[in-house]
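Those protein sequences? They're chains H and L, same order as listed.
For the first sequence, this note's numbering assigns the number 1 to the initial residue and increments by one for each residue that follows.
For the second sequence, this note's numbering assigns the number 1 to the initial residue and increments by one for each residue that follows.
To be clear, the hints were calculated from the coordinates, so they are not data collected in a lab.
Check before you lean on any hint, since a few could be wrong.
Stated by the list, open to error - Straight-line Cα separation of at most 30 Å, DSBU-like style, residue types lysine-lysine; simulated pairs:
hint, chain 1, residue 1, chain 2, residue 2
1, L, K69, H, K78
2, H, K83, H, K42
3, H, K57, L, K70
4, L, K69, H, K42
5, H, K57, H, K42
6, L, K56, L, K70
7, L, K26, L, K69
8, L, K26, L, K70
9, H, K42, L, K56
10, H, K83, H, K57
11, H, K78, L, K56
12, L, K69, L, K56
13, H, K78, H, K42
14, L, K26, H, K42
15, L, K56, L, K26
16, H, K78, H, K57
17, L, K56, H, K83
Unchecked claim - Now the stretches of chain L that chain H is said to cover, found in silico as 3 or more residues with beta-carbon under 8 Å:
hint, segment
18, 28-40
19, 43-49
20, 94-101
Source: prediction; values computed, not measured.
No residue lacks a Cβ here, since even glycine has one placed at the ideal position from N, Cα and C.
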Amino acid sequence: EPEVTQTPSHQVTQMGQEVILRCVPISNHLYFYWYRQILGQKVEFLVSFYNNEISEKSEIFDDQFSVERPDGSNFTLKIRSTKLEDSAMYFCASRGPTEIHYEQYFGPGTRLTVT
Amino acid sequence: SQQGEEDPQALSIQEGENATMNCSYKTSINNLQWYRQNSGRGLVHLILIRSNEREKHSGRLRVTLDTSKKSSSLLITASRAADTASYFCATYVMGFQKLVFGTGTRLLVSP
Numbered sequence: 001e002p003e004v005t006q007t008p009s010h011q012v013t014q015m016g017q018e019v020i021l022r023c024v025p026i027s028n029h030l031y032f033y034w035y036r037q038i039l040g041q042k043v044e045f046l047v048s049f050y051n052n053e054i055s056e057k058s059e060i061f062d063d064q065f066s067v068e069r070p071d072g073s074n075f076t077l078k079i080r081s082t083k084l085e086d087s088a089m090y091f092c093a094s095r096g097p098t099e100i101h102y103e104q105y106f107g108p109g110t111r112l113t114v115t
Numbered sequence: 001s002q003q004g005e006e007d008p009q010a011l012s013i014q015e016g017e018n019a020t021m022n023c024s025y026k027t028s029i030n031n032l033q034w035y036r037q038n039s040g041r042g043l044v045h046l047i048l049i050r051s052n053e054r055e056k057h058s059g060r061l062r063v064t065l066d067t068s069k070k071s072s073s074l075l076i077t078a079s080r081a082a083d084t085a086s087y088f089c090a091t092y093v094m095g096f097q098k099l100v101f102g103t104g105t106r107l108l109v110s111p
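With the rest of the complex left out, here is chain L (with noise of 0.2 Å):
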């Protein structure tokens, strides 16, 4: 699999369901962090979880990190309408500059 696999593909969920999504990696990594992207726009930063926590929690956003599995997952609760959009993670990979993206899951919600 590709640095940065996240599932599921695409995710449908009602206002106030919780909504979880996943993110797979392969390589060493200093953080990462999950972006939103509603459709055609750019990318919002959400969080970052560094490769020595465990657990992050940013408002309605719970993100955990588990580097012994390298995978990471992220937990929107109580969710919205407006929460619709792609998310992807992305690692900082050890050594580099740069963000390596995952393929993003398209969260619908309905209202």
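Isolated chain H, as found in the complex (with noise of 0.2 Å):
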């Protein structure tokens, strides 16, 4: 069965860093979306992707984030200096290949530390 992919599992680094997460969406989804999870807490939107632009955005996602899609699969997303409150899990999310197709499908997060 199709899956959504993401590395690193798990990223560690310095404050003021740029750090770029990386997702592989299932490959005949037109709409991804990041998401995040603070330890303990209900997961929020960040962003919305389709026809290779930004269609969503929360208050969240300042300019410190930018998302990309470089190439027909791979879905990134970087944060140009991070800060300790960008300590997170962070989901890749797909679904598709129509718009009345819901069901989002995430991937297995990435872990990422900011020390």
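Relying on the hints, combine the two individually framed chains into one complex.
As structure tokens, then:
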């Protein structure tokens, strides 16, 4: 069964460093998402991406964040200058192949630890 | 209350018993979904119920939706130790592309 994959599973970085989290969505999906979950808290929406552009973003997704789909398979989240409060699990999700397929399929997550 | 709040926050039962979790939300929705999360892992989609549906079944799962009360419930029948996880409701708000997750219910099923 197709699945969303994410790399790395765990990333440790120092405050102020740039990180890139990578995701490979399900191949025939068209809608892509990043969510995050701070330890013990609810899952929060960060950004949605469709047709090579951001379709919606949350207040969390400020200028320090960016997303990219550099080729036909990868979907990345970049945090330019990490802060301690960026420590969280980051989940990629995809849905498709059409607009009416609402179920989102999540990857296993990347645990980001900012020290 | 926030969009998507579940109760109880934690539920502890014995294997074979039924587990019921409730979710309330605030805005008009297109659909409501339930997800399971094992400790420290990703979210697994369980079931989706559309705003024009009142009840849906999938295996041992039964979901109800009451749009007049803006609430949903998830029933897991004949629970197993492997059902131990956190369960989240997530709403697809009208006009938006994102899922809004609830606070979750931590379910512990003891053998």
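Broken hints, numbered, in rising order?
The structure conflicts with hints 1, 11 and 17, although it agrees with all the remaining ones.
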